[in-house]
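Participant: Below, each chain spelled out in residue letters.
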Amino acid sequence: MSVKHGLLALLERGSRYGYQLRTEFEQATGGTWPLNIGQVYTTLSRLERDGFARALPESDGGQRPYEITQDGRIELALWFASPINRTDRPRDELAIKLALALTTPGVDVRAVVQTQRTATMRTLQEYTRLKPGAERPDDLAWRLVLDAMIFRAEAEVRWLDHCESSLARYASTQIAATTPPAVPTDITAEDNREATTR
Amino acid sequence: MSVLELRDVYRTHGKGETAVHALGGVTLSVAPGEFVAVMGPSGSGKSTLLNLAGGLDAPTKGEVVVEGSVLGTLNRKQLAAVRRRRVGYVFQDLNLLPSLTAAENVALPLELDGMSLRKTRRHAIAALEEVGLADLALRFPDEMSGGQQQRVAIARALVGDRRLVLADEPTGALDSQTGEAVLKLLRARVDAGAAGVLVTHEARHAAWADRVVFLRDGEVVDTSGPLVQPEELLHNVPGVRA
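Respectively, the protein sequence lines represent chains W and R.
Heads up: the first sequence is residues 1 to 198, going by this note's numbering.
Heads up: the second sequence is residues 1 to 242, going by this note's numbering.
The following label-pair restraints were derived from C-beta to C-beta distances:
hint	chain 1	residue 1	chain 2	residue 2	range
1	R	Gly33	W	Ser15	48 to 56 Å
2	R	Val20	W	Phe151	31 to 39 Å
3	R	Gly146	W	Glu12	37 to 45 Å
4	W	Ile96	R	Ser69	47 to 55 Å
5	R	Thr178	W	His162	20 to 28 Å
6	W	Gln20	R	Leu97	54 to 62 Å
7	W	Ser166	R	Met1	41 to 49 Å
8	W	Arg169	R	Leu97	40 to 48 Å
9	R	Tyr10	W	Ala111	22 to 30 Å
Read the hints as simulated data drawn from the structure, not as lab findings.
All C-beta atoms, glycine included, are put in the ideal place defined by N, C-alpha and C.
Just chain R, with the same shape it has in the complex (with noise of 0.2 Å):
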């Protein structure tokens, strides 16, 4: 089963003449171990497919199903917990709570989730751990480098049980080789068992994915890979049916 998949979606803002069509008949659908990077100029809807896909705004048209649960059917509470359970985001400016350590940082989803204090303090060490960062639990915000803050990003967005991982220009600021670590901690995450989607305007992030996506004027018109797998070129001979 895909943990997200989008239905012929469709977001409008506005009505009538001045009606704005940010996204027209987007279908996509994201399995686990799956990294799918969405690629597009200025406007091409980008950001709001990333935004309907973690159910933070809602499509005009289409539907949009989480780990199977179709968000538009959910109230205001479940659609929350989908948010906070099963959703993480990595933003490009990080939303780090400036008066939080790291690890309280990254407990804060399951804290608001309700977990024991005990626990969402394991858990945030684990993801910590995960990141490469546990020995900077303790440690502020400001008192980190971009590079580690986003880390911790990350390790906020993973906490839990997270099976889908919606990244917006996650390497925004962060120099090449910082960046490039933080797209291989989204691979490793989805390599055991996540699903992740990535929007970024630069191709060699977008290279991580197994699947790009080029989005133009709201609409897919083009999608680079799966890699194709020797079983796969079975298919392309005519008169084959593997």
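The following block holds chain W by itself, in its conformation from the complex (with noise of 0.2 Å):
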């Protein structure tokens, strides 16, 4: 997702100048992607120049409004057509920390993984409060994209959960393939079905 496509979707609805763009911008994404001016004009200048946008005369206030162009059409209707690409996204700041854990010697990752579902588990809490009690149709926009949020940090949480499970499986299968051989089995026995049965 880009700014750019953003700024296009809004002048789809009509022309627009810069600080009208902005604050559509904020109240579209719930405030939760602030934007400085200097973006929206740097922004603009480059929907100018590939022509997806133009710019209209002064008006007499000073503002100079801008109008999206065929070009911006068909260029918005294709990203609203194309699904985002994950690897647009930012690197995974969390998998790597976790995969660092794993292999630095003296880390107690299923603490780093407690740490961060906690953590998480609170950036849930806090949006789920801010979930408006009554529904109103107004409200829509931004109860889709405070959902967005949610599903997020919610699938980090069960990814979390995955980790932690395969975590403990996994020092399962360290502690009985480190078992000394002289052990008798069926104390083996005995200590693996404790094991399963917690």
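From the two separate chains plus the hints, produce the assembled complex.
Facilitator: Written as structure tokens, this is what we have:
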């Protein structure tokens, strides 16, 4: 996702000038994606360069509105029609952190997982608290943005649950593998049973 | 005063070598207006905790206190009364009786308690109203959608003046919208002064709670929340006593 497509979508509603675009962009994303006005103007001049938008004559108040072009409409339609490519997202710092935790001696990976889970859970609680009690049609855009953040945080918690159970399984195979062969087999079986019943 | 208190509660199934420790020393208290979610992998003791809290099971060691009554000191009759009058349960399988209407299902716990028919009916309609189903009071469970049935089950859990609501995966088979509506109802009930405990493995649902308790192997490993209040921040500053 780029600011570019966000602004194009707003221009599709009618011509707008910079400050209007900024305000409407922030409204549309529920204030979760603040823009500075400089970003808006750089993006507008790029849109103009690429032929997706054109500047209109300055108004009496000295504001220069922009309107979307035919090419801009095509670009916008393409954007709505294409899925977001996962590789466009920034690198997943958490996954990298866990991978490093696993291979760094002396790190309690389960604790790393739990710390993250508690933190993500709290974020999830905070997002949920933002949900409006009564559902009004005007809130729909905001609710969907909020839901996106909620589902993403939830996915992270589920992934952490998965990490934890993988770690537990890995740990039990490690213990089984390092059990000295001198131990009578019935005791090993007993230990394993205890480990699984827990 | 807390509505629910678990004091260093243990629950062991079986004896000796084959004993399974379902809960190992859990302490938890839930105040009026507080909603606590319990999360953890399968076998971590979530459902055991809920059964103990509702008096459906007794701890091996430790105490369970519901609105000041220590459940272990009650006789069978008193315990049944606590379960009927003070505790509401919402289960994943709704346990609605198919031959009774929505209103009759909701009224059932009050009827069992010996309340007059006219009174139980009034309470049942009020409880159904609270979950937005007053107009379906005369329908039978199989004439309602899954979401509506779940709301009836919630109305039954809330009917009368129960101050402790226990829910075990109450959104089980529901789609995400209906599931969310169920959680909103529970949340509203808690905001109105009840104490709620929700067992779930879904983080999105647990997020409706004020506090999330993580269980692993029968022990509390971590707690998220309550969300920090401004005055509590002061406690965290060294040297400041609020």
